[in-house]
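Residue numbers (the numbering used here), protein chains in the order written: chain G, 1 to 112; chain H, 1 to 112.
I should point out that these hints are in silico values taken from the structure, not numbers from a laboratory.
A virtual CB, placed ideally from N, CA and C, is assigned to each residue, including glycine.
Do not take every clue at face value.
Short derived list, chain H residues pointing at chain G, Cβ under 8 Å [said to hold, decoys possible]: (1) 22; (2) 58; (3) 60; (4) 61; (5) 64; (6) 69; (7) 90; (8) 100; (9) 104.
Subject to a maximum C-alpha distance of 30 Å in a straight line, what follows is the list of computed DSS-like cross-link-like pairs (lysine-lysine) [stated by the list, open to error]: (10) 42/G with 71/H; (11) 70/G with 9/H; (12) 70/G with 57/H; (13) 67/G with 71/H; (14) 9/H with 99/G; (15) 71/H with 99/G; (16) 56/G with 67/G; (17) 57/H with 99/G; (18) 70/G with 71/H.
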Amino acid sequence: QKEVEQDPGPLSVPEGAIVSLNCTYSNSAFQYFMWYRQYSRKGPELLMYTYSSGNKEDGRFTAQVDKSSKYISLFIRDSQPSDSATYLCAPISNFGNEKLTFGTGTRLTIIP
Amino acid sequence: NAGVTQTPKFQVLKTGQSMTLQCAQDMNHNSMYWYRQDPGMGLRLIYYSASEGTTDKGEVPNGYNVSRLNKREFSLRLESAAPSQTSVYFCASRVTGVYEQYFGPGTRLTVT
């Protein structure tokens, strides 16, 4: 079993829709949960991160973690064509740990 | 500030040829990483360097060598390229103990 599982998609939704992207993980030691966004033919860039369980909101983006079920979600409200990208989840146990484990990424397309 | 730069952007090799992928960062980061990204596999860590003069294996190190030339530069060498090494290679860096990794634009390598 992979440490981090993510539905690869692709996922296509109309502009303005709410998007839900999800990951599951198996390592109970993970405490920090990051989401990276990767535009086509570019390197990933950090979108946001959360610590432990709960929600964190940043503009139209909300990251949610449920440690009891080892489930991570990223919600995008009022989705825009500029949100079309691949989204990768990346949990880690602590920031002293050099090895970051990425999900496979979900490819998202927002249709105008 | 150029951030993380990678050369070359594209490369085609024949099986058995060797080459070195170059990476440099101008952010004074301690830690540097090499990943490969393949469809359905996500980002996988090849090697990393927690500081100048140290390197460690990641998840998929076979067939690769690395050199941390100085604090700025971290190179990845393929001694005898194989078709299985066809991939997109990303270099990344971060300040040790801080969560965010900064990625370069990638090198697209094809081995025929």
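Status of each hint after checking the structure:
no.: 1; hint: 22; verdict: 15 Å, violated
no.: 2; hint: 58; verdict: 7 Å, holds
no.: 3; hint: 60; verdict: 12 Å, violated
no.: 4; hint: 61; verdict: 12 Å, violated
no.: 5; hint: 64; verdict: 16 Å, violated
no.: 6; hint: 69; verdict: 19 Å, violated
no.: 7; hint: 90; verdict: 5 Å, holds
no.: 8; hint: 100; verdict: 5 Å, holds
no.: 9; hint: 104; verdict: 5 Å, holds
no.: 10; hint: 42/G with 71/H; verdict: 24 Å, holds
no.: 11; hint: 70/G with 9/H; verdict: 37 Å, violated
no.: 12; hint: 70/G with 57/H; verdict: 27 Å, holds
no.: 13; hint: 67/G with 71/H; verdict: 37 Å, violated
no.: 14; hint: 9/H with 99/G; verdict: 25 Å, holds
no.: 15; hint: 71/H with 99/G; verdict: 19 Å, holds
no.: 16; hint: 56/G with 67/G; verdict: 14 Å, holds
no.: 17; hint: 57/H with 99/G; verdict: 10 Å, holds
no.: 18; hint: 70/G with 71/H; verdict: 37 Å, violated
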